[in-house]
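Peer 1: Start from the sequences, fold in the hints, and give me the full structure.
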Amino acid sequence: MFTGIWMMDFSLYDFLQYSLILALIALLLVYLYHFLFFSIFNKEKHFLTADGKEESFPSLMDPPSLELSVVVPSYNEELRLPVMMDEAMEYLEKRQKKNPSFTYEVIVVDDGSKDKTTEVAMKYTKKYGAQKVRVLTLVKNRGKGGAVKMGTLSSRGRLILMADADGATKFADIEKVEEGLESITEKPDNMVISCGSRAHLEEDSVAQRSLFRTFLMYGFHFLVWFFCVRGIKDTQCGFKLFTREAALKTFSSLHVERWAFDVELLFIAQCFDIPVVEVAVNWTEIEGSKLVPFWSWLQMGRDLVFIRLRYLTGAWRLDGVHLNV
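Numbering (UniProt numbering), first residue to last: 1 to 325.
Quick caveat, the hints were computed from the structure, so don't treat them as lab data. For every residue, glycine included, the Cβ atom is placed at its ideal position computed from N, Cα and C. Just so you know, not all the hints are guaranteed correct.
Said to hold, decoys possible - Think about it this way: if two alpha-carbon atoms lie no more than 20 Å apart in a straight line, the pair counts; the simulated DMTMM-like pairs of lysine to aspartate or glutamate are:
#1 K249 / E67
#2 K127 / E54
#3 K126 / E55
#4 K249 / D62
#5 K98 / E67
#6 K123 / E78
#7 K123 / E93
#8 K45 / E257
#9 K127 / E55
#10 K187 / E278
#11 K98 / E179
#12 K170 / E87
#13 K126 / E90
#14 K127 / E78
#15 K43 / E54
#16 K97 / E175
#17 K98 / E175
#18 K249 / D189
#19 K123 / E90
Stated by the list, open to error - Label pairs and their calculated CB-CB ranges:
#20 G52 / K187: 38 to 48 Å
#21 D115 / N190: 36 to 46 Å
#22 K123 / R95: 14 to 24 Å
#23 R310 / A172: 36 to 46 Å
#24 T185 / A50: 37 to 47 Å
Peer 2: So this is what it looks like as structure tokens:
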């Protein structure tokens, strides 16, 4: 009996000892998680200058200090990025030379690439300087929407252009989306969005697509219209121009980080009654697309349903906006 009591006391002591050890391990893991999280967060808040000095990105909430910011989301784009950047920088430099008051920056967002995208982009920083070209390297892949959002939130421009790294849209067509922006005379709180559009090319593209891919395209267009966005024929063109105020209002509310982010972005804009204009741009099919026809469309279709449901159920909210079923 005495031995049994001693064993019971020993077991209780043993239990308390191991509980304390587990609690300490749990606290250590929480500390490590927060340390790593904030380390990653801080890394994504900095860029390197041409001479390798680390500096902090500004915030979209700061007043603009440049005329234009160009955000270029890039994932494994070491081969296609130079073509796009050469064209963009040539245009921007000529425009600045012609009009010295025109100021700009290009923010290349490396979305956790496995190739040398960051190294390739940094060559432009070294050539033009960090005031004109900055590279934001994400620690892990977030998706195109996440990359565009991170770049936009770190920009300095009065106007913010998102442009794909493949250079599918002729960069000089920025003048077309700028004209679209200026065509809107009433800009509530200076908010307006001008979307590049390939809708005028749809007949030719349908003729070149397989019946199955055409079916997927029209199915996606129907889901966009039915669940989210009305009045925009091409929500997915990666050439969109925002006033700084419109970018802050929409991107600060954005949740979707992958392919369907454009749809949520325009859905948010329409919920806030932000004017959106659609402008035809030149567009060329570039090899090396990250979209896998069937699975990417399926994922986007699923995301469209989730976008609508999450806003309707209140899981996602927009300040001052009440959505009807």
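Peer 1: Need the status of pair K126, E90: alpha-carbon distance at most 20 Å?
Peer 2: With Cα atoms ~16 Å apart, K126 and E90 stay inside 20 Å; holds.
Peer 1: Straight-line Cα separation of K98 and E179 no greater than 20 Å?
Peer 2: Roughly 19 Å between the alpha carbons, so the hint for K98 and E179 holds.
Peer 1: Given the hinted pair K126 and E55, is their alpha-carbon gap at most 20 Å?
Peer 2: holds, 15 Å
Peer 1: Mind checking the alpha carbons of K249 and D189 for me, to see if they're no more than 20 Å apart?
Peer 2: This hinted pair holds, its Cα atoms lying about 10 Å apart.
Peer 1: Quickly compare the C-alpha distance for K127 and E78 to 20 Å and report which way the hint goes.
Peer 2: holds, 17 Å
Peer 1: Hint check: K127 vs E55, CA-CA at most 20 Å. Holds or violated?
Peer 2: Distance of about 18 Å is within 20 Å: holds.
Peer 1: Check the hint pairing K43 with E54 against an upper bound of 20 Å on the C-alpha distance.
Peer 2: Holds, because 10 Å separates the two Cα atoms, which is no more than 20 Å.
Peer 1: Straight-line Cα separation of K249 and D62 no greater than 20 Å?
Peer 2: holds, 14 Å
Peer 1: Taking the CB of G52 and the CB of K187, does the distance hold inside 38 to 48 Å?
Peer 2: With a Cβ separation near 41 Å, G52 and K187 satisfy 38 to 48 Å, so the hint holds.
Peer 1: Note whether the CB distance of D115 and N190 lies within 36 to 46 Å or breaks it.
Peer 2: holds, 39 Å
Peer 1: Taking only the CA atoms, is the gap from K187 to E278 under or equal to 20 Å?
Peer 2: At roughly 15 Å apart (the allowed maximum being 20 Å), E278 and K187 satisfy the hint.
Peer 1: For a C-alpha distance cap of 20 Å, please report whether K98 and E175 respect it.
Peer 2: holds, 15 Å
No hint from the list above goes unmet by this structure.
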